[in-house]
Amino acid sequence: MNATGPSRLWNHEARRRTARLTRCAAFLRGKEVAAADMVPFLEAVLEPGDRVCLEGNNQKQADFLAAALADCSAQRVHDLHLVQSVLALPEHMTLFEKGIARRLDFSFAGPQAHHLARLVQDRAIEIGAIHTYLELFGRYFIDLTPQVCLIAAQAADAAGNLYLGPNTEDTPAIVEATAFKSGIVIAQVNELRDALPRVDVPADWVDCFVVAPRPHHIEPLFTRDPAHITEIQVLMAMMAIKGIYAAYGVERLNHGIGYDTAAIELLLPTYGAELGLKGRVARHWALNPHPTLIPAIEAGFVERVHSFGSEVGMEAYVAARPDVFFTGPDGSLRSNRAFCQMAGLYACDLFIGSTLQMDLDGNSSTATLGRITGFGGAPNMGSDARGRRHASAAWLQAGREKCGGGPPVRGQKLVVQVVETWREPHHPTFVERLDAWQLQEDMGLALPPIMIHGDDVSHVVTEEGVANLLLCRTPEERSQAIRGVAGYTPVGRARDRRFVENLRDRGIIRRPEDLGIDVRQATRDLLAARTIKDLVRISDGLYQPPKQFRNW
Amino acid sequence: MESFQYDLPARPCVALPVRAELWGVVSSGNLEVLVETGPPPDQCRFQVETSAHGFSEVWQAVLEDFVTRHAVGGLSFSIHDAGATPAVVSLRLEQAMQSLKAP
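Those protein sequences? They're chains A and B, same order as listed. As numbered in our numbering, the first sequence has no gaps in its residue numbers, which increase by one up to the final residue, 552. As numbered in our numbering, the second sequence has no gaps in its residue numbers, which increase by one up to the final residue, 655.
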């Protein structure tokens with residue numbers, strides 16, 4: 001006997017969905033909404049307290065829909081709960097200032113970091129949690145499923161099929177969670193086309209689309225001009241390649257964004273080749289199409305790249321290198337942040353990236369006072385996944401070093417932080433106490449906003465040398481190993497010199513000369529490309545840099 | 553601009569270079585080092601011009617480490633810092649030394 005009785009309804013969500021669509025039916029021509037009707041349309045669809053994903057990626061932004069939502073009447077639309085990976089636009093902040101939205105679960109707020117911290121202190125916003133991308137995507141399917149999502153696509157056809165273009169990013173995860181839990185999927189598109197190059201989102205998952213007056217914004221976030229790479233970064237890249245990539249035979253990896261890792265990309269075809277590493281290291285990548293990867297691709301170092309998103313200007317180059325990149329039958333890149341994050345977490349043997357601050361436990365953070373930046377993907381990419389996984393030579397070697405020579409029952413991912421000891425005069429990278437702790441107090445957060453936990457970090461590379469934390473056996477060895485590469489920062493100068501020399505004898509700290517590196521080679525001449533123009537030339541004209549990177 | 557001169561005790565340089573050695577280019581965040589002969593064999597002289605204020609203690613630490621690492625008695629180093637970090641200072645000095653040892 002069914003205790004709930006025959007009259008119980010099991011489709012509240014579907015009924016609510018039907019009601020939303022009925023309320024907005026007057027604005028729809030097929031599935032198309034006119035751009036001019038967008039504000040009243042959203043006022044009709046949304047209900048107070050809705051969980052909404054307003055697609056903001058670290059590159060692609062549903063900016064037209066964000067502006068329309070911010071123009072809605074706060075009388076009609078209010079107390080929304082935003083669940084989205086990135087807060088990048090001023091309109092995202094307006095939503096909270098007007099009371100249209102009240103609660104936020106997110107990952108990254110780079111450009112709005114100051115503004116967000118102010119809103120938190122003024123209690124104009126409630127933050128649920130700061131997530132990694134994978135966590136937030138995970139919660140889309142557990143307890144943060146959007147009731148309405150507002151997404152960005154390249155093109156739609158009349159039936160409502162969507163072509164996402166090279167910048168797929170978060171869209172598949174958002175749409176999957178919303179469309180299959182009776183939510184409403186609303187897309188802004190750059191153009192309406194008779195036939196799409198390929199279908200990335202089928203029409204029956206899409207409720208409506210609007211042709212936006214302007215193409216959506218895409219930030220060229222992953223372009224680093226080689227002209228700004230310093231000789232210190234060249235030196236650190238030499239140490240990373242010889243002391244880590246070669247030493248562990250790292251074939252599968254992910255790089256963070258920044259000049260430090262761009263230097264490594266540009267040294268593979270020169271210094272890496274000189275060391276005979278072609279075909280032995282850096283073959284398979286989880287990485288956006290960084291322009292600075294072009295020389296290593298052309299030199300045959302890089303065999304395969306899967307991407308989170310795309311990069312402005314790399315479209316034609318990627319389309320011309322389908323053996324390397326994941327592309328559709330139409331030739332354009334197919335990226336996917338959720339899958340690429342998963343690949344970085346479980347299928348790569350090394351992450352290397354930079355940070356703004358590191359303490360003596362090796363904890364690092366990019367959060368500094370007065371800013372809530374969040375982290376995006378770094379905490380997943382820069383962590384050892386711990387659970388069972390397949391073995392690889394690099395992973396096993398790191399595991400052996402960590403467990404001290406006995407038979408390893410598990411390996412260890414290599415998590416490398418590459419930092420200059422001073423970011424600029426008066427701003428040492430190495431600190432006794434991270435700003436994150438103060439920020440936790442100021443913001444009333446449950447945890448300090450630490451990006452990568454020290455117990456996941458295997459190596460620290462600075463201009464002074466490489467510290468191998470896997471080989472440290474006590475907390476004191478670990479903190480002295482970090483002091484021993486912290487240069488002339490107050491933390492570095494407080495080292496116990498004899499202790500550090502002992503760590504050096506044991507190979508826990510290795511200086512450039514210990515690695516057989518001739519510092520005279522550490523000049524910009526070692527870079528495979530020294531300017532954006534060099535990258536264009538090496539790509540045979542296929543790379544078309546955005547205006548702000550052209551100085552010719 | 554701040555100027556310092558440090559005269560530090562140092563082990564004599566065995567093969568004094570006969571020519572001046574110039575390493576590096578002055579530009580933002582960069583630095584230039586000129587190496588010459590001159591001081592007594594048990595002394596090393598550093599002439600520092602820096603644009604970053606309040607760093608004399610760090611400079612002294614960088615240079616003391618340098619004279620401990622290398623036999624540089626009898627040499628004079630003129631350093632023109634364009635706001636360089638200690639990392640750049642150390643790298644330039646090492647490059648100058650490597651180049652003196654094996655030109």
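These aren't lab readings, by the way, just hints derived from the structure by calculation. This one's a predicted model, so the numbers in the text were calculated from it and none came from an experiment. Ideal placement from N, C-alpha and C gives every residue a C-beta, glycine not left out. Don't take every hint at face value.
[Said to hold, decoys possible] Take a look, some chain B residues computed to stay more than 12 Å from chain A by CB distance: (1) R563; (2) L586; (3) T589; (4) P591; (5) R597; (6) P638; (7) V640.
[To be verified] If the Cβ cut is set under 7 Å, some of the chain B residues that face chain A in the computed set are: (8) V614; (9) E616; (10) Q647; (11) Q650.
[As the list claims (entries may be wrong)] Output of the computed footprint for chain B on chain A, the stretches with three or more beta carbons under 8 Å from beta carbons of chain B: (12) 166-173; (13) 310-320; (14) 484-498; (15) 515-521.
Hint check:
1. Under the 12 Å C-beta cut-off, the non-interface status given to B:R563 relative to chain A holds; the minimum distance is some 18 Å.
2. The Cβ of B:L586 sits about 17 Å from the closest Cβ of chain A, beyond the 12 Å cut-off, so the non-interface label holds.
3. For B:T589, the shortest C-beta to C-beta distance to chain A comes to about 21 Å, beyond the 12 Å cut-off, and the non-interface label holds.
4. Listed as a non-interface residue, B:P591 keeps its Cβ farther than 12 Å from every Cβ of chain A; the least gap is roughly 24 Å.
5. The beta carbon of B:R597 sits about 21 Å from the closest Cβ of chain A, which is more than 12 Å, so the claim that it is off the interface holds.
6. In this structure B:P638 is not separated from chain A by more than 12 Å, as the shortest Cβ-Cβ distance comes to only about 4 Å.
7. Not every C-beta of chain A lies more than 12 Å from that of B:V640, the closest at about 6 Å, which undercuts listing it as non-interface.
8. Taking 7 Å as the C-beta contact cut-off toward chain A, the hint placing B:V614 at the interface holds, the least distance being around 6 Å.
9. Nearest Cβ of chain A to the Cβ of B:E616: about 11 Å, over the 7 Å cut. The hint is violated.
10. The interface hint given for B:Q647 holds, since its Cβ lies 5 Å from the closest Cβ of chain A, which is under the 7 Å cut-off.
11. The criterion of a C-beta within 7 Å of any C-beta in chain A is met by B:Q650, whose closest approach is roughly 5 Å, and the hint holds.
12. For a cut-off of 8 Å, the count of residues in the segment 166-173 of chain A with a CB near a CB of chain B stands at 0, and the three-residue condition is violated.
13. As drawn, the segment 310-320 of chain A meets chain B at 0 residues by the rule of a beta-carbon pair under 8 Å; below three, the given contact is violated.
14. With 3 residues bearing a CB less than 8 Å from a CB of chain B, the segment 484-498 of chain A meets the requirement of three and the coverage assertion stands.
15. Requiring three or more residues with a Cβ within less than 8 Å of a Cβ of chain B, the coverage given for the segment 515-521 of chain A holds, as 3 such residues are present.
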